[in-house]
Every structure is written in C-alpha cells, then in structure tokens.
Amino acid sequence: MQGWMEDLWLVAIFDEVPDDEVRRWWNSKDTPLLDRLVASAPRFRLGTIVTAAEDHEPASPTRRVFDLLFLRGTCPEDFGEESAAEYVLPRLDLRLQLALLTAFSPHSDDLPMMEAAPLSALSDFLNEYEGARLATYSPTDATLISFDTHHPTNRSGFGSA
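Just so we're aligned, residue 1 is where the sequence shown starts under this note's numbering, counting upward by one.
Incorrect hints may have been included.
What follows is a set of in silico ranges between Cβ atoms, one per label pair, in the way DEER data are often shown [what the hints assert, rightly or not]:
id	residue 1	residue 2	range
1	E16	D141	28 to 34 Å
2	G131	K29	32 to 38 Å
3	L94	R43	19 to 25 Å
4	R36	P112	34 to 40 Å
5	D35	S83	19 to 25 Å
6	D35	W4	16 to 22 Å
7	P42	D141	30 to 36 Å
8	D20	D148	22 to 28 Å
9	M1	S40	34 to 40 Å
None of these hints come from the bench; they were simulated from the model. Glycine included, each C-beta is placed from N, C-alpha and C at the ideal position.
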C-alpha cells in the first residue's frame with residue numbers, strides 16, 4: 001500500500017479566532033491569521049501520520065488524535081461545545097484531555113513504522129495548556145511511502161520520538 005507520511009504537531013492557541021477563519025482552516029483554505037498564530041503557538045510533536053491513497057487510513061496514535069480533533073472541530077454540537085459556530089478549535093478541558101490521552105494510547109493494530117511521542121509527554125503538554133484551543137498541523141512536506149498493513153505486532157520501542 002502507498003501513502004503520504006508527514007510530521008503531526010499539536011498547537012495550543014489562546015487568541016480569539018474569527019469563526020470564518022476557523023471554518024476555512026477545517027476546509028483547508030487560506031488562513032492568514034491562524035497560520036501566524038500556529039507559527040508562534042506552544043507546540044508538541046505528536047509523531048508521524050500516514051494518509052493513504054486507499055479508503056482505510058493506517059491506525060496510529062497520531063491518526064486517532066487528528067481524527068478526534070477534526071471531528072470535534074467540525075461537529076462541535078455533538079460534543080457539547082458551547083459555541084454557535086459551525087466549526088471550532090476545540091477547547092482543552094478535562095473531558096477533551098481524557099479523550100486525547102485515550103486516543104493517543106497505543107493499540108495492537110497500530111502501524112509500527114509511525115513514530116509517536118511518549119504518552120506522558122503529551123499529558124504534560126495538555127496539563128500545561130488547559131483552556132487553550134487546540135489544532136493539529138503538519139509543518140513538513142509529505143513523503144510518499146510504501147507500507148504493509150498486515151504486520152506482526154511489535155511494540156518494542158513504541159512511543160520513542
């Protein structure tokens with residue numbers, strides 16, 4: 001199988017961002033204000049993520065965090081987000097922190113070739129930036145890779161960045 005691998009980072013934003021800028025962010029449009037905020041925001045490298053050309057994305061802690069924040073950002077009403085906006089940058093509260101830590105925990109079907117930061121380091125970052133709005137971003141260009149999704153489970157070294 002082929003896919004595109006890139007680094008995935010989590011950023012904590014405390015500034016107010018206009019609703020239409022957030023909508024453009026989630027729709028992969030130009031976002032000059034958010035681009036500037038992301039560039040200067042506190043950040044945490046989650047690890048690597050693969051986007052496959054197939055319908056099924058390979059499992060990884062970074063993929064689950066990306067998917068969780070995308071879902072909470074584009075369907076905020078489903079998660080009790082207090083906003084009239086159609087799209088949001090999810091606010092980091094205890095409920096979201098627990099969901100992120102659960103999503104980032106290793107699973108037996110995770111693709112071993114994808115790097116993931118230590119779970120404890122993510123927990124420290126989330127504790128430090130409680131109340132911030134969260135977003136993920138990829139500062140690197142994606143690299144085309146080939147990989148096998150039918151792999152033996154090998155957890156040795158998992159979580160090292």
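Checked hints:
{"no.": "1", "hint": "E16 <-> D141: 28 to 34 Å", "verdict": "holds, 31 Å"}
{"no.": "2", "hint": "G131 <-> K29: 32 to 38 Å", "verdict": "violated, 27 Å"}
{"no.": "3", "hint": "L94 <-> R43: 19 to 25 Å", "verdict": "holds, 22 Å"}
{"no.": "4", "hint": "R36 <-> P112: 34 to 40 Å", "verdict": "holds, 36 Å"}
{"no.": "5", "hint": "D35 <-> S83: 19 to 25 Å", "verdict": "holds, 22 Å"}
{"no.": "6", "hint": "D35 <-> W4: 16 to 22 Å", "verdict": "holds, 21 Å"}
{"no.": "7", "hint": "P42 <-> D141: 30 to 36 Å", "verdict": "violated, 23 Å"}
{"no.": "8", "hint": "D20 <-> D148: 22 to 28 Å", "verdict": "violated, 42 Å"}
{"no.": "9", "hint": "M1 <-> S40: 34 to 40 Å", "verdict": "holds, 37 Å"}
Against the hints set out earlier in the document, violations occur for numbers 2, 7 and 8.
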